[in-house]
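2 protein chains.
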Amino acid sequence: MFEFTYQNPVKICFGNGMIGKTGEELAAFGVKKVLLVYGRNSIKLNGVFDIVTTSLKKSGIEFVEHGGVQSNPLLSHVYAGIEKACAEKTDALLAVGGGSVIDTVKAISLGLANDGDVWDFYCSKRIPEKAIPLFTVLTIPAAGSEMNGGTVITHDETREKLAVVNPLLYPKVSILDPAVTVSVPMDYTAYSASDAISHTIESYLTRADGFCPVQDGYAEGVVRAIMRSTERIRANPADLEARASMMWAATLAWNFLGSSGVGPWTTPAHTLEHPLSGRFNIAHGAGLAVTQPGWMAWELKRRPERVAAFARAIMGVVEADDAVAGVKGIELFRAWLAGIGCPVTLKACGIGEADIPILAADAVHLAKLWGTGSEYTEDVMSAIYRACI
Amino acid sequence: MFEFTYQNPVKICFGNGMIGKTGEELAAFGVKKVLLVYGRNSIKLNGVFDIVTTSLKKSGIEFVEHGGVQSNPLLSHVYAGIEKACAEKTDALLAVGGGSVIDTVKAISLGLANDGDVWDFYCSKRIPEKAIPLFTVLTIPAAGSEMNGGTVITHDETREKLAVVNPLLYPKVSILDPAVTVSVPMDYTAYSASDAISHTIESYLTRADGFCPVQDGYAEGVVRAIMRSTERIRANPADLEARASMMWAATLAWNFLGSSGVGPWTTPAHTLEHPLSGRFNIAHGAGLAVTQPGWMAWELKRRPERVAAFARAIMGVVEADDAVAGVKGIELFRAWLAGIGCPVTLKACGIGEADIPILAADAVHLAKLWGTGSEYTEDVMSAIYRACI
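Chains as they are written, first to last, in the numbering used here: chain A, 1 to 389; chain S, 1 to 389.
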């Protein structure tokens, strides 16, 4: 194990019907007027918008709507939100949605609280000093953004998809109401599973050598829970127990508790994925279903013991030889992702051989920015992509 | 899964040599003068006292010593600490020790901040409204008190061993330095393992029926990590990786994250143990090594499926029949506890048949106070104790 500090003050309110307490939770922080950020129309169709806004009104909290967040949320929409919040003098921000909506709210929070262009923080040109209080009502479990300080935004023109991770961006309160996730369609349920798994698997596979049974056990438990929950949801989308389990597992997958103490680790599957969703606007979790097994196959040559550990503990592989177990584990994992309805090839995402050079260039750029590792050269990135065709 | 709220703002600073940053961490909270609470002389013999106080001085923080905390910490010593802190006008509290020292600091914090007798809070007569900021430097991993809001104090005369759990009592910062635990002797290392395991196993076994793969996986991972770490420490007490893993696992065992969402659960092993350590002043973890398998054998008749889950996931039992698997799992668990040097019978703790009536009466009293369950009558308590003779 390695040195670490961990502090995560997010208040989680979890349970069916919990969205009715949104107003109460915000009022406890003295919120008077909030910018309510959301995505497409789904929260208006499934009743979530009504319940949340009724709850706000009951607590005497005004709200201004800022809808229209897309998956792979755009910087231009962040700018528009900052302008609206300024003009309307809101004193807090409320995300009602999935990871894209929460990421947008975090970006607006940074833009409101700090001078200058908010994009500077994503380009690592400056470090933010302040943030506006933010709250979340989660409607799609996947990103883990509801219990961490991370945000990912895509630049409209350059299509760069960049991140800020800062403790200032912890939500004050995150409301996790599994009942609202029953309407998440089956494709997005699958992409969510792929996304949440990747958040745990990357530190599990790339962590330094050493004795980390707590962290390994945590990761294995979370991934198995996501897989079992997804299988139950596919059998019965209204299975509230499985929806609840999926929701909490996705949160625990990316609150950075499970990776605390494992030492340096990197995010190769994300480094390979961001160019896909950034350039081709596919769902992030769908892209990760392609890049995870693709990257693992490459990783297997470098650290067969870690991939084999994954294969045995999570995919139930029994082979004693690490390389053999690893190959089998990756195959089973890819088949599992395909079985729940994820694309597992670039082709299935509408991406071809001709696109690889630009993707590889993007990925190398990201690898430098995120410290993914100097071993990930343009040749390596291209080779991994080609193996995913 | 069930409704829950979770918020745990404790800042964890984990790593070898981390105790040298104690002053820095306290200074960040504006602390000027601190009551430094500790146990026997061990922190003066192993150098921890010197490093911590040098660090405080370097940060310009004065300190007043309040040593002499015993295991099963006493109310009289809490009163003395409150008086000293009042007289010396300290503005914060620093525990340097294990669970008993931290529990004492939490009690002093409550006594200083609130009017009236601090014991009232332990008797559930009143609920505290305030607390004085407290910090911990953990030297014995076991109790989990460093990352939760719980405290357990024993009344000098009545020998009642009672608890307060309140978010006010979260430490501001807990410093976890595995290197300082290398000097924990083998018997206390074993008791610590027994204690930490119990914190996870109680919710695992008593939780309501339902689909909780995240929580089950978390508990199984933590317990397996404690077992593997303890085995490595026994083979080599200076194994820093194992000491580190043990330390972090014990913290995660009792920060209430793993049990969040499992619904109502109870603490029968603790309810049966507190009378043992309260009356006979044995180590809490040693008492739990007796009561855990003893209680499990009784629980097996009520909920064989949960005990069998424990037997299979943690003790590696493969039997398909729940009752058979349960019996085997309990046997293996008791043998494991004995193997690491824990007493596993009342006799080994110097407790005999004649003591059972008073123990059972104490346990029933506690069961009422803690809501352990009306099924735990005096007859049941006696029967479990008798089976532990």
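In short, the hints are calculated from the structure, not lab data. Treat the hints with caution; some may be incorrect.
Identical copies carry no separate label here, and so any pair may be met within one copy or between two of them.
DSSO-like cross-link-like pairs, simulated, lysine-lysine; straight-line CA separation at most 27 Å [claimed, not checked]: (1) Lys33 / Lys58; (2) Lys328 / Lys58; (3) Lys130 / Lys172; (4) Lys125 / Lys58; (5) Lys347 / Lys33.
Keep in mind the model is a prediction, meaning the values are calculated, not measured.
Structure-based check of each hint:
no., hint, in the structure
1, Lys33 / Lys58, "within (13 Å within a copy, 45 Å between copies)"
2, Lys328 / Lys58, "neither (55 Å within a copy, 56 Å between copies)"
3, Lys130 / Lys172, "both (14 Å within a copy, 21 Å between copies)"
4, Lys125 / Lys58, "neither (42 Å within a copy, 34 Å between copies)"
5, Lys347 / Lys33, "neither (47 Å within a copy, 66 Å between copies)"
Hint violations for this structure: numbers 2, 4 and 5, all remaining hints satisfied.
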